[in-house]
Structures are given as C-alpha cells and as structure tokens.
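Whenever a hint applies, use it, and build me the whole structure from the sequences.
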Amino acid sequence: MDKLKYIVVEGPIGVGKTSLARKLADRLGSTLLLEQPMENPFLERFYEDMARFALPTQLFFLFQRAKQLEPLAQLDLFRQAIVADFLLDKDPLFARITLSGDELALYDRIFETLKPQAPQPDLVIYLQAQPDTLIERVRRRGVAFERQVSEEYLAVLAETYTRFFYHYTAAPVLIVNSENMNFVDRAADLDLLMHKITTMRSRREFFNSGG
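First residue of the sequence shown: 19, per the numbering used here; consecutive thereafter.
Simulated from the structure, these hints should not be mistaken for laboratory data.
Being a predicted model, the structure only gives us computed values, none of them experimental.
Don't be surprised by glycine CBs; every beta carbon is placed ideally from N, CA and C.
Hints should not be assumed to be uniformly reliable.
Okay, the calculated beta carbon distance ranges per label pair [unchecked claim]:
(1) THR49 - HIS185: 25 to 31 Å
(2) MET212 - GLU177: 26 to 32 Å
(3) MET56 - ALA206: 27 to 33 Å
(4) MET56 - THR216: 29 to 35 Å
(5) GLN54 - THR217: 41 to 47 Å
(6) ARG165 - GLN135: 35 to 41 Å
(7) ASP120 - ARG45: 42 to 48 Å
(8) PRO74 - GLU177: 31 to 37 Å
(9) ARG204 - LYS133: 36 to 42 Å
(10) ILE115 - GLN135: 22 to 28 Å
(11) ARG70 - ARG45: 38 to 44 Å
(12) PRO74 - ARG204: 15 to 21 Å
(13) ARG63 - GLY119: 16 to 22 Å
(14) ALA123 - GLY160: 36 to 42 Å
List time: in silico EDC-like cross-link candidates among lysine to aspartate or glutamate, alpha-carbon distance up to 16 Å [as the list claims (entries may be wrong)]:
(15) LYS41 - GLU177
(16) LYS108 - ASP126
(17) LYS214 - ASP140
(18) LYS133 - ASP107
(19) LYS41 - ASP203
(20) LYS133 - ASP109
Put into structure tokens, the structure is as follows:
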C-alpha cells in the first residue's frame with residue numbers, strides 16, 4: 019500500500035463512494051479529499067429543471083474540483099497519501115448526459131483550459147450497483163432535493179459510467195460490485211477489499227462479495 023499515494027473512489031450517485039473514501043482514508047491514515055455538492059448553489063434547481071440548470075451546475079462543479087486538485091500538482095510534497103471521492107477525468111461524463119450543442123461545446127473548451135496538471139491516481143476504485151439499488155440508497159440517505167432524482171436518470175448515469183471505465187486506461191482500476199458489500203457497517207467487507215487492493219497484479223481487476 020505504500021506505493022499508493024493517490025487513491026480515487028468513483029461511481030454513480032448513491033453507490034457509496036464517499037462513505038468508502040472515508041473508511042479507506044481512516045484505515046490508511048490518509049488525507050481525505052471530498053466533493054462538496056452542498057456548496058453548489060445550482061444543484062437543487064438542476065434536479066428540478068435539468069435542461070435549464072445543467073450548464074451552471076456543471077461549470078460550478080468543474081471550477082470547484084479543479085481548485086481542489088491544484089495542490090496535487092506537487093503530490094511529491096505530500097507526506098500522507100490522499101484518498102478522493104472524485105476523478106476529474108470523468109467530469110465530462112455528466113456533461114455528455116445533460117448538455118448538447120453550443121452548451122456542450124462551451125463546457126468542453128472550459129474543461130480543456132481549466133484542467134489542472136494534477137497526477138493520475140495510483141488506483142481508481144470504481145463502485146458499481148444496479149439502478150434500483152442506487153435509487154434505494156439515494157432515498158435512504160434523505161437529502162431533500164435528491165428525492166427528485168429518477169431511476170431513469172440513474173440508469174443512464176450507471177450505463178455511462180460503465181462505458182467510461184471500459185475505455186479508461188490512465189490509471190489502474192479495481193471494479194467493485196457493491197451490491198452486497200457494506201464497507202461502513204461490516205469491517206470484514208473492508209478487510210476483503212483491502213486484501214484485494216494489496217494483491218492486485220494487473221491494471222484492471224474485478225472484485226465482488228464472492229471474492
């Protein structure tokens with residue numbers, strides 16, 4: 019694990035990436051770098067009217083994430099490892115779903131201009147779950163404006179994530195089926211995942227509750 023200075027946990031809304039990132043950072047004694055969705059003033063309005071508020075919502079997140087990642091350009095100066103719950107390379111994934119035409123072209127130009135020279139992760143943990151599982155987890159966590167998220171949107175999002183990581187080669191990827199895993203309440207599940215991370219031998223491997 020000493021070689022893993024920068025770990026990213028990724029996956030669609032409701033899959034549990036932030037919870038796992040917290041657990042990993044605690045287990046590894048790492049610095050935690052988290053998205054801050056509650057700081058986005060457009061997010062609630064986005065879920066009410068996606069077509070109208072997609073662009074400002076997306077641009078706010080892009081500026082926010084780029085600023086968070088700026089210090090990682092000097093990652094060698096960090097004494098502790100870093101665990102994050104977002105990968106900037108996947109930011110355009112949401113733009114492709116919610117934007118089109120001139121708005122998408124504008125977003126793409128800003129993304130390429132703004133993208134910081136941060137290092138690629140040493141490992142990306144990509145969490146997967148079925149849309150009905152995602153919607154159940156979103157409802158359970160009780161964020162008021164997320165109640166408007168539809169299962170159809172989550173299904174499109176999950177499929178888009180799958181396509182993205184199918185082609186992603188910039189860093190090693192551990193693809194985790196999280197359907198039957200509970201990394202927050204079951205220490206044994208986290209232990210199994212940690213063992214899988216330490217025994218990875220290729221740049222793309224799979225992990226589920228059956229080992």
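Quick rundown of the hints versus the structure:
1. THR49 - HIS185: 25 to 31 Å: The hinted range 25 to 31 Å holds for THR49 and HIS185, with Cβ atoms some 29 Å apart.
2. MET212 - GLU177: 26 to 32 Å: Because 29 Å falls inside the window, the suggested range holds.
3. MET56 - ALA206: 27 to 33 Å: holds, 32 Å
4. MET56 - THR216: 29 to 35 Å: holds, 34 Å
5. GLN54 - THR217: 41 to 47 Å: violated, 34 Å
6. ARG165 - GLN135: 35 to 41 Å: holds, 39 Å
7. ASP120 - ARG45: 42 to 48 Å: For ARG45 against ASP120, whose Cβ atoms are near 46 Å apart, the range 42 to 48 Å holds.
8. PRO74 - GLU177: 31 to 37 Å: Because 25 Å falls outside the window, the suggested range is violated.
9. ARG204 - LYS133: 36 to 42 Å: Holds, since ARG204 and LYS133 (Cβ atoms, about 37 Å apart) stay within the stated range.
10. ILE115 - GLN135: 22 to 28 Å: holds, 27 Å
11. ARG70 - ARG45: 38 to 44 Å: holds, 42 Å
12. PRO74 - ARG204: 15 to 21 Å: Violated, since PRO74 and ARG204 (Cβ atoms, about 39 Å apart) do not stay within the stated range.
13. ARG63 - GLY119: 16 to 22 Å: Given range 16 to 22 Å: holds, Cβ gap about 21 Å.
14. ALA123 - GLY160: 36 to 42 Å: Holds - the Cβ-Cβ distance for ALA123 and GLY160, about 37 Å, lies within 36 to 42 Å.
15. LYS41 - GLU177: violated, 26 Å
16. LYS108 - ASP126: At roughly 12 Å apart (the allowed maximum being 16 Å), ASP126 and LYS108 satisfy the hint.
17. LYS214 - ASP140: With Cα atoms ~15 Å apart, LYS214 and ASP140 stay inside 16 Å; holds.
18. LYS133 - ASP107: Status holds; Cα separation ~9 Å.
19. LYS41 - ASP203: This hinted pair holds, its Cα atoms lying about 10 Å apart.
20. LYS133 - ASP109: Holds, at about 10 Å.
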